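*Asks:* Each chain, written out:
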Amino acid sequence: MRALRIGILLGFRQIQRASKWTTLLIVFVMMLTFLNLIAVSGILVGLIEGAERAVRENALGDIIVTPLDDEDRILETMSFVQSIETYPEINTYSVRYSGNAILEANYKERRDLSGERDTAAVVVTGIDPTQEDTMSSLASILRDGEYLRADEEGYILIGAYYLKEYAELFGDVFDSIDVKTGDTVRLSYGDISKEFIVKGVIESKVDEVNFSTYIPEKEFRRIFGRLDRNADQIVMRTNLPSQNLAVANNIREGELGRYAKIQTFEESLPKFLIDIKNTFNVLGSFIGSIGLVVASITIFIIIFINAVSRRRHIGILKGIGIDRRVIEIAYVMQAAFYALAGSFLGALFTYGFLVPYFEENPIQFPFSDGILSAEPETTFWKFVTLFIVTLVAGFIPAWLIVRQNTLNSILGRK
Amino acid sequence: MNEIIQATNIHRKFGKGDLEVHILKGIDMHVHEGEFVAIMGKSGAGKSTLMYQLSVLDTPTEGSVVIDGTDVSMLEEKARTKFRLNTLGYVFQDYALVPDLSARENVMMPLLMQGKHWESSVEAADNALISVGLEGKHNNLPAELSGGEQQRVAIARALACEPKIIFADEPTANLDSISGGAVIDLLGDLNKQGQTIVMVTHEDEYTKYCNRIIYMEDGVIVGRENT
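So the protein sequences, as listed, match chains A and B.
So in the working numbering, spot 217 of the first sequence is number 254, and the numbers just go up one at a time.
So in the working numbering, spot 215 of the second sequence is number 218, and the numbers just go up one at a time.
Source of the hints: derived by calculation from the structure; they are not laboratory data.
Computed from a prediction, not measured in an experiment: that's the story for all the values here.
The C-beta atom is built at its ideal place from N, Cα and C for all residues, glycine as well.
Just so you know, not all the hints are guaranteed correct.
Have a look at the derived ranges for each label pair, beta carbon to beta carbon [said to hold, decoys possible]:
id: 1; chain 1: A; residue 1: D312; chain 2: B; residue 2: K85; range: 53 to 61 Å
id: 2; chain 1: A; residue 1: R362; chain 2: B; residue 2: K45; range: 38 to 46 Å
id: 3; chain 1: B; residue 1: D21; chain 2: A; residue 2: R362; range: 35 to 43 Å
id: 4; chain 1: A; residue 1: L448; chain 2: B; residue 2: V225; range: 18 to 26 Å
id: 5; chain 1: B; residue 1: G139; chain 2: A; residue 2: F390; range: 47 to 55 Å
Okay, chain B solo, but in the shape it has when bound (with noise of 0.2 Å):
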């Protein structure tokens, strides 16, 4: 399969001097079209870290990130913006929802960015809310769902726009341990419609459906994993 994502001596550093800290020190990884891997690490091991870098959501201090085929790590703010928006996917751990919109819309905020029309977005969007379960929510407010259910709005979101990986960023942590599950499971199927998926966790219970497991520890990469 092909290599979605090359990762080649990924640093990154916060603060100058004397206060300079060193968060990732030389990371190479990389990841295949429809892979489910798995960042797993103690906190403060530098795995969100890493999968900002990834995601395009922060750029390296040294280092390039390739993600088909663009290296993510030259482009301009705008250019990663919109990078983000036709090729990425990310599911938050506190599921990220805007208050003011009901379920559909939030979905339908970046399919509208794209520029697709009003009545073609309401129905993906509507496609997609009823792909993760949530038939008869739409309308509803994120004040108005449990937290499992915001979190399968945010994967709606992240999918609607078919994008070529998804980011979840410990999508089940604030979540109970069915809602959790729930979650996990649906990352599973949508891996198994070929959907490439880059998660952080840190419960081991959560990575049945991973493919790939990286495990971190102090900035560097200890192990790696094939299950």
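Next comes chain A alone, as it looks inside the complex (with noise of 0.2 Å):
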């Protein structure tokens, strides 16, 4: 303790009264590390937490509700929906249909019989326009036209990959039909077929969305002879996420359970995603790393260099009894500061700054509006990190030459 407390007045000494601008420059290239570390792992693995994030706004929701392993539907859905309606956790929630159908483009144009029909084999999802948007906000990801409204008829919107124009961009992979808002499509299911007007064209970061048309629930369930009202999807928002489980778990237990499998957001990602994230975080680490090195090493040097300097005084310090362990602790604690320093400017300006921009100016990235993940545990874990490195590359150099003996080191002998 008693070491402890000389070595911290020493070190603390020797930060006070060195330059300034050294102290600033190995204070900025801490904080670099610490940022390195922080985002370079936070960017790839925000690009996996931005998909996600993209997939819970505009897709799934906090919970989904789907049918049981050996049903086609959910059972009892309109009893289902009244039973969620009385928890005050969800927020929202939709109800969803879902078939498969062939939609056509050019059937009007058309005079030649023979001649090649434009159409996409689509899945069509039949929604409460109101409800789906306040669950899904499908209306803010309108790239064209205007959203579906509840009171009209006779009006489809369409996910942007099955446009041919959207599709040519992808390289023509897709099974797209060339029409644009305003345009007349015919939906065909089995031998039942109905015209609509493209009110809109959605575009968003997930690939289910675009990979639907959207139409009101009533016009669908005539076409797809859906009378029961059993429904394939329910998506619900909590109130907090935190809340996901408790709430699923209750639905669980209770009798809804029987109806239909109910999951969390979380419960139902795939496994390779969360692979994905967990290599993501991994491959950042190991490039935060080489940082860490070069941290480390700059740490090495300074302290060597600030030792060797004074390696005479040094071996004065010991000549007049002063324990070998208050040297090593003084430079263990400038070590110690200047990793403290750089970390919380570099946790400052994480939080402060990188964090709220990447919130608002997302990374464009084609499947994912790219945000910087930096979780306060991960940042916490990989400041302990950098903290470690530092002080243990702060300690090595000190202790090469404080165990060097005491009167070479007075003398200035090899």
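Both chains are given apart, each in its own frame, so use the hints to dock them into the complex.
*Replies:* Take a look at the structure:
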């Protein structure tokens, strides 16, 4: 304890008397190292988290209800909906019906019956437009046109991947049709066909949305003959994401668990996505660790040069009876100061500027709005890593110099 | 008076084989409590090497050094450090102050290391600085003091722990004659108060307060003079 106290005093005084610019430069290097540790993996993981967030916001919500494994639909959908309306934790929900159909574009202009039909096999989702918008903000991701209104019929929204114009950007690999907002298309399911006017085009970072067409649920049920009103999916948003598991468990444990499969968003994530996220994290940490090595070498060199240039003073301190641990602690304390100051400034910059900035201005990737993922817990452990590595990098050169023979140090002998 | 230092058959060699250099060649000497002993000789005579053996900064190749009843040549490194802290005081040729610490903090270092509380260390350090004539310069950094003042801080640091013996290695070598004289006067005053001092010097004029002078040449004592 005594050695610690004196060591801290010595170390503190050395920092205090050192050149301000040198200290600032070292702290700046440590800050960059910290940012490197956080930002590289943060952006890589943020890619996936951005995609996850888009799926959560525009498609799946917080709790997802799907048919039981041996059923095609959610049983007793209406009773189910009535029940979930009693949960105060559930902020909003949307009931979705889905089916496969053929969408045809050029059936009016095509004079020659043997000519090629402009068709695409599409997924049709029947929705309550108002409910769906409160749930997935579908109206906000319109690329063109207008959103569906609850009181009108004969309109369809088409996901961007079904449009030739958009699909061509992807090498025309999607099954697409050549239509634009305002055109008339024909939706066919078996023998039933119905004309729709394309009211808008939906474009999202979520493939599931881009690969869907939306019509009002009443029309869906008529075309697809779904008179039992049993839905294919119910998605819900809770007031707080932290409530998801508790709410899902409540629903599961009640009677509703017999009608459908209930999962939180996290539970519904495919394993490959979690694996990718973990891999990106490891990859980011690996890249970040190069910065860590550079920082530790920097600290090693700084402390080594400092200790070598003060070798004589170190010898004298030992000569007058100062324990070698005091001198080692003084240097470790300096390294700790650099690590703390750099990490503090790095954390301030990360949470004060970078995270909010990327929230407002996500990096536009084709499949995701990339954010900077900086979980406080992960950041804390990265700080701990940087701190320990820096302490070791500070201790080794101090130990190398302090262990030298006292008299040799005083006299400057090798 | 008691013998506080007993050095018997001290040899110090450096290097090995053909490169071996024999610096001290069987020195026998003793210092009594309260004495002011000067070790003199030409450059290369071995006087500083002898002082390093006596002051527990080096270990003789052969022979023994007993200080205040303890055979220091047998001590481990850690015990030697502790022994130096509690028993000996040092004044080096070039002051050897820690440049980042104020005069007061330099003096406080060994006191804190001895386990004294901060407040009592401050008080003892201030008293020591006053006793060497540095009142009002407690907070000055070494770089803000003259050579003579720095050497006085070094003496205050040596004094503060109330050591049994003060070793001074050419304490006036880097000082002008006036400052050098003042430092010697200070050491003389301390000796009059009962402090045992062993000093290495090659200047006759600075031996005026010494009780005994030991002359060295080529690693052996060639003369002793009581003054």
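*Asks:* Please go over all the hints and tell whether each is borne out by the structure.
*Replies:* Against the structure, the hints:
1. Checked against the given bound of 53 to 61 Å, the beta carbons of D312 (chain A) and K85 (chain B), roughly 58 Å apart, stay inside it.
2. The given range of 38 to 46 Å is respected by R362 (chain A) and K45 (chain B), whose C-beta atoms sit roughly 40 Å from each other.
3. The hinted window of 35 to 43 Å between D21 (chain B) and R362 (chain A) holds, with their beta carbons roughly 39 Å apart.
4. A hinted range of 18 to 26 Å holds for the C-beta pair L448 (chain A) and V225 (chain B), which are about 24 Å apart.
5. As the Cβ distance of G139 (chain B) to F390 (chain A) is approximately 49 Å, the hint placing it in 47 to 55 Å holds.
In this structure, none of the earlier numbered hints is contradicted; all agree with it.
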